[in-house]
Amino acid sequence: DAGITQSPRHKVTETGTPVTLRCHQTENHRYMYWYRQDPGHGLRLIHYSYGVKDTDKGEVSDGYSVSRSKTEDFLLTLESATSSQTSVYFCAISFQGTQYFGPGTRLLVL
Amino acid sequence: QKEVEQNSGPLSVPEGAIASLNCTYSDRGSQSFFWYRQYSGKSPELIMFIYSNGDKEDGRFTAQLNKASQYVSLLIRDSQPSDSATYLCAVNRGGSGGGADGLTFGKGTHLIIQP
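Residue numbers (the working numbering), protein chains in the order written: chain A, 4 to 113; chain B, 6 to 120.
FYI, nobody ran anything at the bench for these hints, they're computed from the structure.
Wrong hints could be hidden among the right ones.
Derived EDC-like pairs (lysine to aspartate or glutamate); straight-line CA-CA distance at most 20 Å [said to hold, decoys possible]:
| no. | chain 1 | residue 1 | chain 2 | residue 2 |
| --- | --- | --- | --- | --- |
| 1 | B | Lys7 | A | Asp41 |
| 2 | B | Lys72 | B | Asp32 |
| 3 | B | Lys72 | B | Glu10 |
| 4 | A | Lys56 | B | Asp106 |
Far from chain A by the CB rule (all over 10 Å, computed), these chain B residues [what the hints assert, rightly or not]:
| no. | residue |
| --- | --- |
| 5 | Glu20 |
| 6 | Asn58 |
| 7 | Gly64 |
| 8 | Tyr76 |
| 9 | Leu80 |
| 10 | Asp83 |
| 11 | Ser87 |
Here are a few chain B residues that face chain A, going by a calculated C-beta distance under 10 Å [what the hints assert, rightly or not]:
| no. | residue |
| --- | --- |
| 12 | Pro15 |
| 13 | Leu16 |
| 14 | Ser17 |
| 15 | Gln43 |
| 16 | Lys112 |
Source: prediction; values computed, not measured.
Here a beta-carbon is modelled for each residue, glycine too, at the ideal position from N, C-alpha and C.
Throw the hints in and build the complete structure from the sequences for me.
Dropping the structure here:
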């Protein structure tokens with residue numbers, strides 16, 4: 004599992020509330036990623052990080068922000084959750100040019 | 006923006022036969038190609054990656070890359086019921102080759118191995 008954990012694993016929230024998802028890795032990987040997976044769309048990159056405090060946008064970054072204050076933690080924040088952000092969120096790390104995924108977080112926005 | 010296309014399936018293959026999964030990509034400059042397997046409710050797990058034209062074999066799996074035709078395929082020999090899953094094709098987003106800028110995924114092909 005590449006030493007990746009995600010929390011929470013499941014969350015139900017209401018429209019308009021802030022939500023933060025956490026990705027934690029134990030093996031000091033430099034690159035970390037957040038993807039979302041939706042039926043009919045596959046996996047899409049939201050944001051990624053190439054080091055502490057170094058982040059960049061992916062293809063579906065609107066409505067999301069990220070932070071990385073420590074190598075081991077990469078946080079994804081939905082400032083004001085919307086129903087369109089109901090999804091499964093996967094964190095990933097890059098190791099030797101290949102990405103490995105965490106277990107995922109299922110988020111339901113009512 | 007790069008696009009990766011896969012037939013969504015389902016692709017049904019008898020047990021013991023060869024399953025052939027195909028993927029095409031839009032950016033001729035793509036350098037790195039990956040196949041992931043995803044069981045329902047689980048996270049994607051890497052099966053193989055390929056960077057060079059030709060075939061790459063790993064056990065029952067063979068990845069094939071043809072950059073001129075912009076397709077990559079995955080063959081699964083001696084298919085087993087446990088191979089039933091969704092198979093995701095991915096290519097590197099940026100110019101770094103190794104996927105450091107993230108991956109662009111196809112929507113996946115649902116494979117069913119019939120006992």
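Against the structure, the hints:
no.: 1; hint: B:Lys7 to A:Asp41; in the structure: holds (18 Å)
no.: 2; hint: B:Lys72 to B:Asp32; in the structure: holds (10 Å)
no.: 3; hint: B:Lys72 to B:Glu10; in the structure: holds (15 Å)
no.: 4; hint: A:Lys56 to B:Asp106; in the structure: holds (16 Å)
no.: 5; hint: Glu20; in the structure: holds (27 Å)
no.: 6; hint: Asn58; in the structure: holds (18 Å)
no.: 7; hint: Gly64; in the structure: holds (17 Å)
no.: 8; hint: Tyr76; in the structure: holds (17 Å)
no.: 9; hint: Leu80; in the structure: holds (20 Å)
no.: 10; hint: Asp83; in the structure: holds (25 Å)
no.: 11; hint: Ser87; in the structure: holds (19 Å)
no.: 12; hint: Pro15; in the structure: violated (14 Å)
no.: 13; hint: Leu16; in the structure: violated (16 Å)
no.: 14; hint: Ser17; in the structure: violated (20 Å)
no.: 15; hint: Gln43; in the structure: holds (9 Å)
no.: 16; hint: Lys112; in the structure: holds (4 Å)
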